[in-house]
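Asker: So the protein lines, in turn, are chains A and B. According to this note's numbering, the stretch in the first sequence is residues 1 to 115, in order. According to this note's numbering, the stretch in the second sequence is residues 116 to 229, in order.
Hints were generated in silico from the structure; no laboratory data involved. For every residue, glycine included, the Cβ atom is placed at its ideal position computed from N, Cα and C. All clues given are correct.
Lysine-lysine pairs mimicking DSBU-like chemistry, simulated, CA-CA at most 30 Å apart:
#1 A:K9 to A:K57
#2 A:K57 to A:K14
#3 A:K57 to A:K83
#4 B:K216 to B:K183
#5 B:K216 to A:K83
#6 B:K164 to A:K9
#7 B:K216 to A:K57
#8 B:K216 to B:K176
#9 A:K70 to A:K9
#10 A:K9 to B:K176
#11 A:K83 to A:K14
#12 B:K164 to B:K183
#13 B:K216 to A:K70
#14 A:K71 to A:K9
#15 B:K164 to A:K71
#16 B:K216 to B:K164
#17 A:K71 to A:K57
#18 A:K70 to B:K164
#19 A:K71 to B:K216
#20 A:K57 to B:K164
#21 B:K164 to B:K176
#22 A:K57 to A:K70
#23 A:K9 to B:K216
#24 A:K9 to A:K83
Heads up, incomplete: computed chain B residues facing chain A, CB under 7 Å, no partners named:
#25 Q157
#26 L159
#27 L161
#28 K164
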Amino acid sequence: DGGITQSPKYLFRKEGQNVTLSCEQNLNHDAMYWYRQDPGQGLRLIYYSQIVNDFQKGDIAEGYSVSREKKESFPLTVTSAQKNPTAFYLCASSSGTGSSYNEQFFGPGTRLTVL
Amino acid sequence: AQSVTQPDIHITVSEGASLELRCNYSYGATPYLFWYVQSPGQGLQLLLKYFSGDTLVQGIKGFEAEFKRSQSSFNLRKPSVHWSDAAEYFCAVGSTDSWGKLQFGAGTQVVVTP
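Please build the complete structure, drawing on both the sequences and the hints.
Answerer: Take a look at the structure:
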């Protein structure tokens with residue numbers, strides 16, 4: 001079945017450690033996105049990538065980094081510079097490029113807890 | 116500034132009753148509108164979308180939404196809710212000049228009582 005996988009589902013890290021969240025899609029989508037979700041705040045865009053080897057900062061990119069070396073993969077690193085990293089992280093993808101606009105498909109999410 | 120407002124943080128509805136969730140947006144360009152649903156600890160599932168054309172759109176699970184340009188609204192409705200409709204619902208808006216980036220509302224939590 002086509003879809004988006006995120007791993008792990010739950011992740012625990014000590015304060016000051018970097019951690020990488022995985023996102024893989026087999027939908028052959030060009031665009032991929034990372035969101036952070038906190039209670040009562042909806043989803044906020046961290047980074048997005050419209051094409052391989054290119055990505056753009058979203059609204060809350062500070063303390064995060066990404067790479068897009070393959071079309072199907074868009075890993076997110078939460079660095080020690082992120083002041084409040086405990087949150088639910090969602091990865092999404094969409095098929096459109098250029099001016100075409102398509103809906104985003106979401107993965108199941110990773111809950112990160114920093115102790 | 117672009118924004119999406121869901122005025123109701125929490126709604127309680129009886130099983131079998133009708134449901135309406137409100138969404139208002141502020142966007143300069145032609146909006147593209149979406150409603151997503153999220154069960155606890157899960158990702159988001161698309162219920163319906165509006166790009167153009169008929170302003171009343173039908174979605175999955177018996178939901179529909181109406182785009183009203185004059186009111187900058189895109190309210191979600193369901194005539195008769197089921198216990199399985201208990202979830203959080205998000206309205207999202209994009210536009211022709213912000214390709215791929217969606218602005219999400221804060222969400223409405225729906226509780227269904229017997």
